[in-house]
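Protein chains in written order, with the numbering used here: chain A, -18 to 370; chain B, -18 to 370; chain C, -18 to 370; chain D, -18 to 370.
Simulated from the structure, these hints should not be mistaken for lab results. Heads up, the beta-carbon is just placed ideally off N, CA and C, and yes, glycines get one too. Among the hints, erroneous ones may be present.
[Claimed, not checked] Straight line, CA to CA, 27 Å or less: simulated DSS-like cross-link-like pairs of lysine-lysine:
| id | chain 1 | residue 1 | chain 2 | residue 2 |
| --- | --- | --- | --- | --- |
| 1 | D | Lys29 | D | Lys(-16) |
| 2 | A | Lys256 | D | Lys256 |
| 3 | D | Lys256 | A | Lys212 |
| 4 | B | Lys256 | C | Lys256 |
| 5 | A | Lys256 | C | Lys256 |
| 6 | B | Lys256 | A | Lys256 |
| 7 | D | Lys212 | A | Lys256 |
| 8 | C | Lys256 | D | Lys256 |
| 9 | B | Lys212 | C | Lys256 |
| 10 | A | Lys29 | A | Lys(-16) |
| 11 | D | Lys256 | B | Lys256 |
| 12 | B | Lys256 | C | Lys212 |
| 13 | B | Lys29 | B | Lys(-16) |
| 14 | C | Lys(-16) | C | Lys29 |
[As the list claims (entries may be wrong)] One side only, chain B facing chain D, incomplete, derived with CB under 7 Å:
| id | residue |
| --- | --- |
| 15 | Leu78 |
| 16 | Arg253 |
| 17 | Gln300 |
| 18 | Leu304 |
| 19 | Asp306 |
Number of protein chains: 4
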Amino acid sequence: MLKPPRPRRRAREVGIDFPGLPPGQHNAITDVPGVTVGHTTLFSGEGKLVPGSGPIRTGCTAVVPAPGNLFESKVPAAVYVLNGFGKPMGFDQARELGELETPILLTNTLNVPRVADGLIDYLLPRNEDIGVRTSSVNVFVGECNDGHLNDMRGRHVGPDEVFSALEGARGGSVPEGVVGAGTGMRCMGYKGGIGTASRRVQVFSGDRQDPTEARDFTTGVLVLANFGRLKQLRVAGVPVGHYLAPPGEGEEPEDKGSIVMVVATDAPLDSRQLKRLARRAGMGLARTGSTASHGSGDFVVAFSNAYRIPQRPSEMGVQREILYDNHPGLNRLLTGVVEATEEAILNALFVADTVVGRDGHRAEGLPVDEVLALMRSCGGALLGEGSNS
Amino acid sequence: MLKPPRPRRRAREVGIDFPGLPPGQHNAITDVPGVTVGHTTLFSGEGKLVPGSGPIRTGCTAVVPAPGNLFESKVPAAVYVLNGFGKPMGFDQARELGELETPILLTNTLNVPRVADGLIDYLLPRNEDIGVRTSSVNVFVGECNDGHLNDMRGRHVGPDEVFSALEGARGGSVPEGVVGAGTGMRCMGYKGGIGTASRRVQVFSGDRQDPTEARDFTTGVLVLANFGRLKQLRVAGVPVGHYLAPPGEGEEPEDKGSIVMVVATDAPLDSRQLKRLARRAGMGLARTGSTASHGSGDFVVAFSNAYRIPQRPSEMGVQREILYDNHPGLNRLLTGVVEATEEAILNALFVADTVVGRDGHRAEGLPVDEVLALMRSCGGALLGEGSNS
Amino acid sequence: MLKPPRPRRRAREVGIDFPGLPPGQHNAITDVPGVTVGHTTLFSGEGKLVPGSGPIRTGCTAVVPAPGNLFESKVPAAVYVLNGFGKPMGFDQARELGELETPILLTNTLNVPRVADGLIDYLLPRNEDIGVRTSSVNVFVGECNDGHLNDMRGRHVGPDEVFSALEGARGGSVPEGVVGAGTGMRCMGYKGGIGTASRRVQVFSGDRQDPTEARDFTTGVLVLANFGRLKQLRVAGVPVGHYLAPPGEGEEPEDKGSIVMVVATDAPLDSRQLKRLARRAGMGLARTGSTASHGSGDFVVAFSNAYRIPQRPSEMGVQREILYDNHPGLNRLLTGVVEATEEAILNALFVADTVVGRDGHRAEGLPVDEVLALMRSCGGALLGEGSNS
Amino acid sequence: MLKPPRPRRRAREVGIDFPGLPPGQHNAITDVPGVTVGHTTLFSGEGKLVPGSGPIRTGCTAVVPAPGNLFESKVPAAVYVLNGFGKPMGFDQARELGELETPILLTNTLNVPRVADGLIDYLLPRNEDIGVRTSSVNVFVGECNDGHLNDMRGRHVGPDEVFSALEGARGGSVPEGVVGAGTGMRCMGYKGGIGTASRRVQVFSGDRQDPTEARDFTTGVLVLANFGRLKQLRVAGVPVGHYLAPPGEGEEPEDKGSIVMVVATDAPLDSRQLKRLARRAGMGLARTGSTASHGSGDFVVAFSNAYRIPQRPSEMGVQREILYDNHPGLNRLLTGVVEATEEAILNALFVADTVVGRDGHRAEGLPVDEVLALMRSCGGALLGEGSNS
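Next up, chain A with everything else stripped away, as it sits in the complex:
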């Protein structure tokens, strides 16, 4: 039976240095307590594209912001659209109300409606009021285009795949690369997909930087990376893409990729502040060399699970702790988002190995050894002094 390639080593594991804040235990979005991730991977068929039949290189990824019934007990959230060439669902209501009331699902572009409908299938029996006492539910789905490798017109992701991703959601280590919604994605001319990373942020609760008064928060990021062109690639800042030979097949003539970035934190932030975090994911993206090209839908959703918002409040309001914007802690959280986003994207690239998809289209795994060699010898090149330092 055809299988996706095994995951390779993560960026940090092959030696890339990420100076800055320390990562969390798993260096994953799941380091934010309560966040879980599940994947359904579809990987079958070879050869010529027969729309509706395959080959299939796609899937579905679920990021669950917090335990329990999210519709009854929502989390604060914000969205940010760096480049709106994309077809997600759920962004408008999240923008207005500043909250998420379902898990975040990721899939391919043409599958968004079926995945959204599958999520409604999942939610209706668990929430009998939806659509009866006239409330409805804002399902949240992000997407990238995997049509170069996958029979995207076949729309192979439906309710079963949604249920499986949701029910398989776990904490701890997160599978990356050629998995879930990332199965058919490409990035910077190579194979892309799912990547994740996290940062631990120590915030001093008082105005003096007294570690005995510090509290620990985490910023975690998960990306569905499907953007960019080889020439742009920067690894830990170094513009290696400029020097790398293109993969055998060459690149597509146009950059039609995209990225969805999911930002999680357990710091007590409101929606306006989460939007500030969401914008910084775009800065982490830029560090990897992206220019957010015209055809690249670059979408961010950020949430906190530090507190919950009831569907049917029994009180007028609540006493809720909110971090001050001008407390130094906010800056550290912003930095944590930039750094975790950059590393999450690189993890997607380093972990994902070569996939051959429909019509024999290949997406090569990033040539890690070449990248590392380039980085070792980059000094002179960066100064226009030839290729050795």
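Given the coordinates of chain A, assemble chains B, C and D onto it according to the supplied hints.
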């Protein structure tokens, strides 16, 4: 066989005066040349709600901005969200690129994914590149919640209903009231649904107001009206809702309604200018008494079909006529949108007759005679001088 | 000595009925506890315009959101721009941080820089850190164009007028009409200026509507009204402007007006929620007949003084009460903003009497008796049945 | 007499390689034909701060988008706010109308009102209608905080400095570093200020990439760089800031900086498209290591001077060439903005030499030799293999 009630007379036909700009021939969005509208109405079953079975009071409405293949030849557009409590599809890309590339479909909230998927079904065979040469398509779907009358959890609108609405799209008079997506909608405590109106706007092409140099444009509006509470209703400005007795059943305790407003014009405007038009739809809405309550998703999409934008340009760009913002013509177009929106909403209310839906829930038709009597005698009441003038 | 005309009676005082929520004690923005308002009025010179000399018909109005040092102890806030044809200061930072750190000053368009600089003059000695320990201050100034009556190029409002408005700020009744920043403003073809109104909003603290558990909040609005054309005017909804004869001088050919709307509340809302309130001010504006014409800058700022945000927090954050969006109380607050905005604008029109300004330009006071007569007899006219009911 | 330090060599001149698009002739914003830049530099006094007296390390920079009277003949424009902690003027109207009608002035935060008023002084005699025929003018001023080196409370920049910057505006090479508004600015722990760069973008007019049909456009960027912390600095991507020793004085404990980025092009784009360019300036900023910290106001304005918009159109509209978004040319322009922004910021850092300001505060020039040495030897360090490659 159960049938929707027959349409009643429009606001202007029963005598309401709308001073201001003159309406177009049909006083409908279809007065904008090239715009067509189609409805699929589902109206069956009575009695107790059996989710998945019925009773069904719902449907689907298609507004087609221009003839031909919209994916190949798009129209400039803009969206405006007055209150984002809603679950549409397609708004993010329209915001970024300033264009529509599919018809606008309207339906109920939980049906959005199935209608979007039905629209993809419709588009794929007509556009073989979608999803293969890695482009995809931004389907555009708006919604309101018809769960008070309809088995909304049953999600009865699918590809067949989408195809039928698209293929039935016509110019000329537009069916209003209990039809298409409006079948199960309520407004201001009474039966709501689909309404439309238009305004003719004469724009002087030079800087002198010389009628021999004038050009005629049209602003047309179609609404899916499902918002508000009785107390708020203003007819031609007069706050009749304050004096009307509530319908037998009384109102729902909370306002969970919404409105989608579709604005069309044939004036040569770009996306930024169309957003200015879109915002004025919110002002027409306000004239009817709406306060855009928390639970009311108030969404606007505005488009021009004065020019088209190719999917695959063979040139770098185009010589395109654009109206100047500071030409007096723009103000007249803004006024045309406010006025047509107000009248379109009132048409939905005046035309829609009583519907009994699931669990015997009733939405009464607006008591037109009472409204007219109140308006005749309103003078004194408006001055706090008792109920007769 | 030349004096501004005496204020006339407010809309409610001449008999206009405003069904809906009850007003606060003074029916003014100052009904929100802690809010104060001050005006400096400049009214001198007659005859031909001599730029730099006069005639002068202008001034400055200060709305102070809360007592004490606002820079040290800020208030949550939001801004909303319905139509951005205007030249205010301070909106960008308020948008990002969701707070105000100075009073809100209103003046004429060309005076914004001098008023802003005067406000800096006022603040620097009271805040010795500003600009030294590298923090600076976001002064907040709104404006409308009073150039039809006033020597606007002369920029006659400077530090003295700013200090005087700030030091004269008081609670209780607020002078309206031809006063402060409103001195030279016109509205709907007649004399406009400052207007204010308020609504009391009872919010049930629990989920049952038990009045013994209710808490009282207030929404207050102050407007600088300088917009619109006579034909558009709606009083209590009735389109009297359509039937009123134009004032002797006729209208300017183009609508170049604007409006600034200041919304205050003591309900515990965050910046995102205050933006929702701010948008509803635009709906109150629409009820008066405005179409937010191209040249009309329509700007809103909304704040709550229910809690304060420290400049130098000694804690990471705070336990803060926030009203839930889906608590029914929010809807009542939204309604309170719509209603108070409509009435505030009408108060500006009813109170402001005729002013003759530069070059003999006249702005007539609204002909109140004619308006009332039209309203008494409007019924038939609204139905196209002639002018008597 | 005290003088600002002489400019040092630009980033490219000391050997930094910038793979990607080629720069224009002067590698400056003035490579966009018609754009001119002028500076007024104030540099006097030493020793202890005496507010109102000095020491003075500040100034004013003017970017003039196009020749002639901009108020009569505007340019299309857009603004983008990455982080709104700042106090500019003019952004709201630019957002609504998509145009600039004055030059862009840059100065320090507390000087914005005086500079704005000085710009009005400059414009009034040149535009006799402003404020009389009831039109007014939207002056555009950006700012950063130079209070660490400069007597910012003294507000030393007024009409004279504004006139001088405007009248001194020239094409060709642009003075960078310690000049104009950049005189007192710091960046990444070192001396910052003014920087500029440009990219040439070849756009194929037809759909085939036939160079004989190509047209040449330019994207130019000028920055006022005053942001960031040393640890973050990335030069050509390499995170040298992590390895550099802090300057003698150490850094301020908090990042209170900001950046204004001015993007110019001669490509025929409308306001919506220019906003897409403006967002990419934020990506260039991110490449230098910025995380857009809380206190950093990160503001962008982008304009095209490919066509003009008349104040008083004599025609309804115009036939105007607009580049298609989905033409490959747009992507190249986006890339040009990212690259030019990154290089402009590095130019500010490389060119600006050490300045000692008020109270003996020092801002050291970037230690260029150390930076180059670090880059030469970075390879191993980037891989965590110690400090030699």
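**Report entry** Violated hints - listed by number, lowest first
**Finding:** Checked against the structure, no hint fails, so every one of them is satisfied.
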